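So you can see what is in the structure, the chains are spelled out below.
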Amino acid sequence: MHISEGVLSPPVLITGWGLTLIGLTIALKKLSHRKISEVAVLSSAFFIASLIHVPIGPSAAHLVLNGMVGILLGWNSFVAIFLGLLLQALFFQFGGFTTLGINTFNMAFPGVISYYLLKRFIRGENQKLSFISGFLAGFLSMLGAGFFTALSLYLTEKKFLILCETLIIAHIPIAVVEGLVTGFIVVYLLKIKPEVFKNEG
Amino acid sequence: MRVKIILGLLFFCVLFLYSYGFAHKVNLFVFREGEKISGEGYFANGAPCMKCAIEVYTLKGKKIAQTTTDEKGRFEVRIKEKEPLLVRLIAGEGHLAEEKLEGSIEGASNDKTKENITKKESFDLQNKKDVENIKINNSKNVEIDREMLKGVVKEVLSEELGSFKENFLELKKDLNRVMFQDIIGGIGYIIGVLGLLAKLKARKEKA
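Taken in sequence, the protein lines are chains A and B. Residues in the first sequence are numbered from 1 upward in steps of one, following full-length UniProt numbering. Residues in the second sequence are numbered from 1 upward in steps of one, following full-length UniProt numbering.
Same shape as in the complex, but just chain A (with noise of 0.2 Å):
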């Protein structure tokens, strides 16, 4: 999911970083100084995550959790995502500085679109939709991401096709593990903090 430095074309970097930019402009406006905590708590959330990988085929998978930080924090998740990325990439070396746009990018829109289509579904009262919608915001929010990882690289160089194919392919079942968790955090977080589904994002 982090696209290393040196592969993307200059255009697709460019492109990533103005999205990006445009994302962060977008969450800091709407950014209120009480929903900084739940920011930190999930940009937290999302570099640990991230660190835990499942071994698929010739590559390897990690959990994102770009679901949950989405419909929790909407726009917002671009903050709490580039600042988790910004600490991968200069602790880690996971990614690039110049590929931190539009990693950022992959992984945070997915989340945002989760957000505007799902979050309406998250209710106390009715546990099994809210748990579906949980699961769904997991499991479109990881094959999003992927979709548009693939894409970067198919639009740097078409010979990508086939990895891009092999790469969503690859994210299925990993998409199925982001949307238990992200199912369960919801449920339990609508037990005992209702209120964080209130906020606007």
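These are computed hints drawn from the structure, not numbers from a lab. These figures come from a predicted structure and were not determined experimentally. Check before you lean on any hint, since a few could be wrong.
[Claimed, not checked] Covered stretches of chain B (in silico footprint by chain A; criterion: 3 or more residues with CB under 8 Å from a CB of chain A, positions within the stretch not fixed):
{"no.": "1", "segment": "174–185"}
{"no.": "2", "segment": "191–198"}
[To be verified] The following label-pair restraints were derived from C-beta to C-beta distances:
{"no.": "3", "chain 1": "B", "residue 1": "Asn167", "chain 2": "A", "residue 2": "Lys191", "range": "47 to 57 Å"}
{"no.": "4", "chain 1": "B", "residue 1": "Ile64", "chain 2": "A", "residue 2": "Lys158", "range": "17 to 27 Å"}
{"no.": "5", "chain 1": "A", "residue 1": "Ser32", "chain 2": "B", "residue 2": "Gly188", "range": "20 to 30 Å"}
{"no.": "6", "chain 1": "B", "residue 1": "Lys63", "chain 2": "A", "residue 2": "Lys193", "range": "52 to 62 Å"}
{"no.": "7", "chain 1": "B", "residue 1": "Ser38", "chain 2": "A", "residue 2": "Ile26", "range": "45 to 55 Å"}
{"no.": "8", "chain 1": "A", "residue 1": "Glu195", "chain 2": "B", "residue 2": "Leu86", "range": "48 to 58 Å"}
{"no.": "9", "chain 1": "A", "residue 1": "Lys191", "chain 2": "B", "residue 2": "Leu175", "range": "38 to 48 Å"}
{"no.": "10", "chain 1": "A", "residue 1": "Glu195", "chain 2": "B", "residue 2": "Lys100", "range": "46 to 56 Å"}
{"no.": "11", "chain 1": "B", "residue 1": "Ser38", "chain 2": "A", "residue 2": "Arg123", "range": "54 to 64 Å"}
{"no.": "12", "chain 1": "B", "residue 1": "Gly185", "chain 2": "A", "residue 2": "Lys193", "range": "22 to 32 Å"}
{"no.": "13", "chain 1": "B", "residue 1": "Ile191", "chain 2": "A", "residue 2": "Leu117", "range": "28 to 38 Å"}
[As the list claims (entries may be wrong)] Straight-line distance between alpha carbons at most 30 Å, and here's what the computed BS3-like set of lysine-lysine pairs gives:
{"no.": "14", "chain 1": "A", "residue 1": "Lys158", "chain 2": "B", "residue 2": "Lys63"}
{"no.": "15", "chain 1": "A", "residue 1": "Lys30", "chain 2": "B", "residue 2": "Lys206"}
{"no.": "16", "chain 1": "B", "residue 1": "Lys201", "chain 2": "A", "residue 2": "Lys193"}
{"no.": "17", "chain 1": "A", "residue 1": "Lys29", "chain 2": "B", "residue 2": "Lys206"}
{"no.": "18", "chain 1": "B", "residue 1": "Lys51", "chain 2": "A", "residue 2": "Lys158"}
{"no.": "19", "chain 1": "B", "residue 1": "Lys199", "chain 2": "A", "residue 2": "Lys193"}
{"no.": "20", "chain 1": "A", "residue 1": "Lys30", "chain 2": "A", "residue 2": "Lys193"}
{"no.": "21", "chain 1": "A", "residue 1": "Lys29", "chain 2": "B", "residue 2": "Lys199"}
Glycine residues also receive a C-beta, built at the ideal position from the N, C-alpha and C atoms.
Let chain A serve as the given structure and place chain B on it in line with the hints.
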């Protein structure tokens, strides 16, 4: 209740199935010995990068060799070029590692060694003109012996350096592993940066 228990078990099974490692950076360890380039590709947690593409380029960008890593993430290619090279490991999903190799010492030094031998021969011949013929024969023998000696030294060194290479790789893998303190440090930075942002936002909202 039964559904909850099943879901709970499923959740723990899923977590159990996870290999808790630290990934998503691919590393390349590469050695050049004469015409042989060997090395190993591995992820940040030390797991081997299996069946990954290895490409060897000249610094001008011409691809001269390619192979794939084995089950242990290891590879070996033979090249004739003596110039500095760039080895690229492509692990898929946009993961890439590159390592630059200096020009082949053996290749570069071969001509120099021959030149040195010739110089030595002529030096010896100038000093001992009376045994000129014998010296030439001896010199030829010395040259042959040198090659033999070189081969033997190379063989012994390769055996000796084998374990050194293994240890060096292990050490490199350890250095690349994500440490617990790095994670704690990262979380500290996140809280610090966002704390600062919270303070700025609070001040702005007050004003």
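**OP:** Just pull the numbers of the violated hints for me, sorted ascending.
**Re:** When the structure is compared with the hints, none of them turns out to be violated.
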